[in-house]
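Participant: Next come the chains, spelled out residue by residue.
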Amino acid sequence: MSRISRAILLASHLLLLAAGGWIAWQSATRGGLFQQESAAKSGKPGRPQGAAYRPAKQWTGSEYARAWKALRGGIYTTKERVQVQRDLLERWAEVDLAAAIEAALGETWDRDGGTGFDPSGPLLDVFSEALANNPQEGWDMIRGRQFGVGTGMLRRVWMESVGMKDPLFLANRVAELSWRDRPVAIGICHAAVEAGAGGVTEAGLFRIFAELPPEMVSAEQLVEFASLPAGAMDLLALKQEIIRMGGDGRMVKVQAMLLGQALADQPAEVVAGEIDGLPQAVREEVIWAAFKDSGTPESVLGQVDLLVDEEAWAKLENPETGQQLRKTARSGTAREVADWAMTLPVRQETLELFQHGVEIFLAENLEISGRWLDELPDSVWRDRAYAGFSQAALNVHNNSRASRWALNRIGDQDFKSEAEDWRTQWEKRTGWTKK
Amino acid sequence: MARTSKILLVTHVLALVLGYGVVRKSLERGQVNDEDTPEFTKLADRDEQSPSDDGDGLLADFLNERSGKKSRYAELKTALPVAKDLKGAVVSAVAGLGGADWRSGLTREEQAARVAEVEVRVLHWMKDNPLEAMGFVMNDPACEEAGIPELLDKHVFLETATEKGVLNSVDWLARDPLTFGTLCAVALNEMRAGGGFAMYEKLAEAIWRSSSRDAFLEFRAEPLVSENPADDGERFLRLVGAATRFEERDRLLAMVKRIRGTADKTDLLAGFAGSSGAAAEWLRTVLKGDELKGELPRGSRDDLNQEILGVAGLEMDRRLEIFQEDPTSEGRSRQELVDELIGWDVVSLLENGRDWRFEFRNGKASLDDVLTAVRRGLPKLPEAGEEAMGVALYRELAEENPKKALPLLDPFPPDRRREVLLDSTWLNFVNVSPDDFLRFLADVPEAKSPEEQERKLKGWSTRAPAYLWRYGDDYIEWVKQMPPGIHREAAMNSILLATAGENPEQARELGEQFYPRKP
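Chains as they are written, first to last, in the working numbering: chain A, 77 to 511; chain B, 103 to 621.
In short, the hints are calculated from the structure, not lab data. Each residue gets a CB set at the ideal place from its N, CA and C atoms; glycine is no exception. It cannot be assumed that every hint is accurate.
[Unchecked claim] 20 Å max Cα-Cα, derived EDC-like pairs, lysine to aspartate or glutamate:
(1) A:Lys504 <-> B:Asp404
(2) B:Lys171 <-> A:Glu156
(3) A:Lys155 <-> B:Asp334
(4) B:Lys172 <-> B:Asp255
[Unchecked claim] One-sided and incomplete, this derived list gives chain A residues near chain B with beta-carbon spacing under 10 Å:
(5) Lys133
(6) Arg142
(7) Glu156
(8) Val160
(9) Leu164
(10) Asp186
(11) Asp194
(12) Gln212
(13) Trp215
(14) Ile218
(15) Thr227
(16) Trp255
(17) Lys368
(18) Thr372
(19) Leu452
(20) Ser455
Turn these sequences into a full structure, and let the hints guide you.
Facilitator: See below:
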């Protein structure tokens, strides 16, 4: 073959190659390959000619997948896009839950404007209903870690939605959940039973949870599902049951808490009488439960005194004790609570409690509380009350002079310098300067 | 010769087909750039159909259905003739709704058809006498059982109020809290369409005279739940403030002085301040003067100053003036404050405007596209804020596609570029997939010193508690599967540290799993 023939042959092949390309270009542009953006955004039908319209509820999973992909060609604000995606995913989940979840996890997992702790991002909670309707399917996905690390976010949505619809289903899987998830799941079961979901009773859930070991379900968690045996006020039977059970196991603690709850608004003398004869650890639990449920100032203060008598220092240090005192003081008995606080034994474990006991009264009215302070006998508590007064004057009333008055009356010089430091922090924070 | 001709024919046809195939393939790839697109789902493509040929059409159909343009209700609206006895037609359509037959005897399709007929019959009646029609549907037990009032609110009430105008609809729209959301939506649409604040004043007066006044006051104190994403989650009065034109500022101020609630006053002013740089400047002047001294407590004034601070349309010097008054700014240089403000602006622009991050992630938008849009969105960007803009934008876009965002750092000196990359390891990627975080780390340069190494690995420790809270044991399993190296080790150690505080026994067990003793 001559050189000319070879050149002609090469040229003719190249020509046909180019022709093929040109035909492809033409057919693509005519067929709407580049019309994606405007079609999706404007809402114009972009279906190929002749294709019949079918409502989305008749779509297959593949059709949802194609609509999902087409979203990438549109122009939206973030809120609009997320809303369209959520609507698509909700419908898609009805025909292919796993594919819809996988598509959602293919998007960003961050939710705009949220705090650092965001359990499931902007899309996954849309599967709540589908998961609640198919609890076993969801559970299999979670157990099999079907979506890698993202499965963790799905588990949160699953627990919430399944638990609120069918708490029994969730309760029966608590043992298989990790220690991190168990308290959340148990809390959801409790919320569900309170809302009357799933036709399950507290007793039914109690039986399930009581079979799990204490390291999985604590006495505090169990008591939420427990109720008094043999009539609501049969305290003697309850006490006998506790003595019969003996030891300091979880069930004893549960019974002790039940007894305490039943005694919540009783005077301290009644509570003291009821716990007489019980082991010391159990007595503490009874008083603690009674204290937490108390509604009257007399019973609250009386039961803290019982905790002091029992030397239950860990309970007295517990932040819940201070919160309950503040709540009581706010109910119109701030002066009584402050007077009572002055009777607390001075110990490391009671310092915080004392502060909670006096702070509401000190802050209410500086003039009245100032006079009260001046009448107090010289003591560790009086110095601490002056310091509390200074803090209230600064932080509540923005009154630096009253603060100075109180600080100057603190007798213990070491403690005074600590209280001065608290004031210095306020001065820095507010930019206060002496006039 | 005949044989040569056949061969030539075949090779020419092959050239034609090859040319077609190559171009077609490249066009399809160019439509959604695979290089820029994260690996898509396996399950989503589980059947054999071609995935992209009709996606636009399907999506368009879905959007039309969603907006009610393509629904059984929309079809019936044009097909169903208006009955002579409007009420009788509704009563007849409603008969049998709810009850056992409704729940078990009809398919979902049949139920939808019945509900659509009720909607259209009610629409016909509402056009004639909305008060009477509304009274009927809100009190009929069958309607309640079938959830008709909620459904009507979505289409029929909205359409009727839009057609008649919100002021002409207050008597029936403000009767029940169920329709308050629709009232707000229509009012905002009318304000934005030109009615302005004057329209809202009339509306407020009409509601004040209605019997639902107190219920409405409670309603507007809560964030709206709206079909319109722009309004969803915002309080009504804030949106009213935002829809107020600048020339109506004195009327707005007069209303702020007239109404009682501090939160309501703050909402109106905050919404207005955010509407433009001029509005923010005006509010700043008002707050500095005496006009609102007795009207707003210190806390609300501080809140409003914070709002003004976030308005990118306000001159930078004015914003800095406010920022410097804030006690948290003490000891910080002017440049640091500028950087922080620009950072807020970039984030706000990306979160509230066009979804550039999504487009960037999926290959629709290039880096230049986003950069141009951000510059356009921040017309008051000072020269001193250029670098901060680049850093903030990089941090946002790196979470979508770290490699594609990297050229944003090209104009920076090498040390600064290095610093941004190292700090992004712990300042960013907070709720981002750990897989994406690991991919980003591949681009972070090798540490040159122990201090740099510490910064490079800091992200694992700062993020561990949140990762464990969000992903639980799935994160632990994920870390076990990481490729060996310093990142895996840092991730494991941070898990142990975060777990030890909560559950020492579990931390010990995990330690044994991560670092098994050699036999």
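Participant: Each hint should be assessed against the structure and marked as holding or not.
Facilitator: Status of each hint after checking the structure:
1. A:Lys504 <-> B:Asp404: Between A:Lys504 and B:Asp404 the Cα gap is close to 19 Å, so the pair holds against 20 Å.
2. B:Lys171 <-> A:Glu156: 18 Å, holds
3. A:Lys155 <-> B:Asp334: 9 Å, holds
4. B:Lys172 <-> B:Asp255: 18 Å, holds
5. Lys133: 8 Å, holds
6. Arg142: 4 Å, holds
7. Glu156: Holds. Min distance 5 Å.
8. Val160: OK, holds: A:Val160 within 10 Å of chain B, min 7 Å.
9. Leu164: Constraint on A:Leu164 satisfied, holds at 7 Å.
10. Asp186: 4 Å, holds
11. Asp194: 5 Å, holds
12. Gln212: 18 Å, violated
13. Trp215: 14 Å, violated
14. Ile218: 9 Å, holds
15. Thr227: 5 Å, holds
16. Trp255: Status holds, d = 6 Å.
17. Lys368: 23 Å, violated
18. Thr372: Since the shortest Cβ distance to chain B is 32 Å, the answer is violated.
19. Leu452: The hint is violated - A:Leu452 has no Cβ within 10 Å of chain B, the shortest such distance being about 34 Å.
20. Ser455: 37 Å, violated
Hint check: violations occur at hints 12, 13, 17, 18, 19 and 20; the rest are consistent with the structure.
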